[in-house]
Amino acid sequence: MPMEVPVWSENEKEEDELDEEVRLTQEGGEQEWAIDSKRKWQCQKLLHQYGCLLGVWKCNINPYGGLVHIRISPGKIEAVDCRAPFDPDIKCSLRPKVIFDVRIQGGKVAVMCYSDWDNGSHSANLMVEETAEGKGPQFYLKCNSCSNHEIPSDRDEGMGVLRKWLKEEYNNENLLFFQPHMVQLVLMKYMTMHSLHKHPLTFEALEFQKCSRDSIILTPGVFKGTYSSHGVELVMVTIEDQRIIATKLTVRQQVVDSHAPEEFSKMSTVPLLARTQRDVNVPTGGRTMVTLFLLTNPQGDPNVPAGEVTFDVDLSRPVTDDGQPPAEAGSCQARELHLPQAYEARYRNYPPTYRARYHGKGQIASHGFVSPQWTPGHFVLFNDDMFGFLWLELLAFSVYSRTTEPFLR
Numbered sequence: 003m004p005m006e007v008p009v010w011s012e013n014e015k016e017e018d019e020l021d022e023e024v025r026l027t028q029e030g031g032e033q034e035w036a037i038d039s040k041r042k043w044q045c046q047k048l049l050h051q052y053g054c055l056l057g058v059w060k061c062n063i064n065p066y067g068g069l070v071h072i073r074i075s076p077g078k079i080e081a082v083d084c085r086a087p088f089d090p091d092i093k094c095s096l097r098p099k100v101i102f103d104v105r106i107q108g109g110k111v112a113v114m115c116y117s118d119w120d121n122g123s124h125s126a127n128l129m130v131e132e133t134a135e136g137k138g139p140q141f142y143l144k145c146n147s148c149s150n151h152e153i154p155s156d157r158d159e160g161m162g163v164l165r166k167w168l169k170e171e172y173n174n175e176n177l178l179f180f181q182p183h184m185v186q187l188v189l190m191k192y193m194t195m196h197s198l199h200k201h202p203l204t205f206e207a208l209e210f211q212k213c214s215r216d217s218i219i220l221t222p223g224v225f226k227g228t229y230s231s232h233g234v235e236l237v238m239v240t241i242e243d244q245r246i247i248a249t250k251l252t253v254r255q256q257v258v259d260s261h262a263p264e265e266f267s268k269m270s271t272v273p274l275l276a277r278t279q280r281d282v283n284v285p286t287g288g289r290t291m292v293t294l295f296l297l298t299n300p301q302g303d304p305n306v307p308a309g310e311v312t313f314d315v316d317l318s319r320p321v322t323d324d325g326q327p328p329a330e331a332g333s334c335q336a337r338e339l340h341l342p343q344a345y346e347a348r349y350r351n352y353p354p355t356y357r358a359r360y361h362g363k364g365q366i367a368s369h370g371f372v373s374p375q376w377t378p379g380h381f382v383l384f385n386d387d388m389f390g391f392l393w394l395e396l397l398a399f400s401v402y403s404r405t406t407e408p409f410l411r
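All you need for the numbering used here is the position in the sequence shown, starting with 1, plus 2.
Warning: the hint list may mix true and false statements.
[Stated by the list, open to error] Within a straight-line C-alpha distance of at most 25 Å, the following computed DSS-like cross-link-like pairs (lysine-lysine) qualify:
no., residue 1, residue 2
1, Lys169, Lys99
2, Lys99, Lys212
3, Lys212, Lys93
4, Lys169, Lys212
5, Lys99, Lys200
[Unchecked claim] Okay, the calculated beta carbon distance ranges per label pair:
no., residue 1, residue 2, range
6, Lys93, Glu175, 38 to 44 Å
7, Met190, Asp387, 45 to 51 Å
8, Asn351, Lys166, 28 to 34 Å
9, Lys166, Ser230, 23 to 29 Å
10, Met193, Leu397, 28 to 34 Å
These are calculated hints, taken from the structure and not from any lab test. Note that CB positions come from ideal geometry on N, CA and C, so glycine has one too.
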């Protein structure tokens, strides 16, 4: 069950306050708190209890998902939605957008939420769940003014909000006029993203896999990849040892546990939560390493939503050309990539040569993740920061580039 803890009380031990100030200053850096010493002391004294939220989280938005970085900002803690770059620029940085922050207001801690069309901020509540065995950290955000996120009823005002959102999301406010085939996909996402706060948003800690770099062909991590008309999406690459397991990054439907609404009605602060180890250690032990790449979507689309496996690759099955000796198949020797003209590639600036190529399978589905099925493909490794996936039956080539943000490395 969620628990509550009151704001820092005045009768706590002095040494605990000092220890916490030192910890927060070391974590955020002295330059992060660009305020006078009295104000800084107050911020550190009140905000230290939110340190459990610092890190990277998955936002449970069905079907699109989301990647959120919670960080220290001058005088506050803020949550930044890390959106994929504009299609097809996978080499560009993620696009940050603040969705809520925790600040000092009137001498008290306040959680403030931001909307697309309201330039100001408004109040919200946070609730952190106790970490159960076998379950990662999780918290909820409940906006106290959900109407501020909804599409305005006034036609002119609503069109202004739509144009602003199209510019922010697709870098083209006239997208619907020049690409009519995108109307259904775009308007569906527009409606979904502006009705999120009717229910509390759920955030789950994102786990990062650790592997011995000497033992694997590709370092696990977050990549940006092209997905045809769905644009650029973020994917998490993980590696399994010795066995093939179709593991998912669990992203549930946009519903909240039955206890959440009642708890929010009487909640005012976020409880202390001990940070948990979020790294998955993969033992090597001198064994033959890695038989499968698993790729899951922290961000998704209406066909294959966030949390589902987008493709997997069996590293025991290298692609062998007719004139290529079997012993060299899949080895890390540079070979030219000859992409047939019939294949669509949204991103063309990939290296001319690749290091390895393996058989795999990609997941496709009808709208709403109806009738999901696997289709054959090839995993093409260019280097540790870029790879591609050939969808053989779809005649498409998706290209993926590693994220460069320090908090994702």
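Hint numbers the structure violates, sorted upward?
2, 4, 6 and 7
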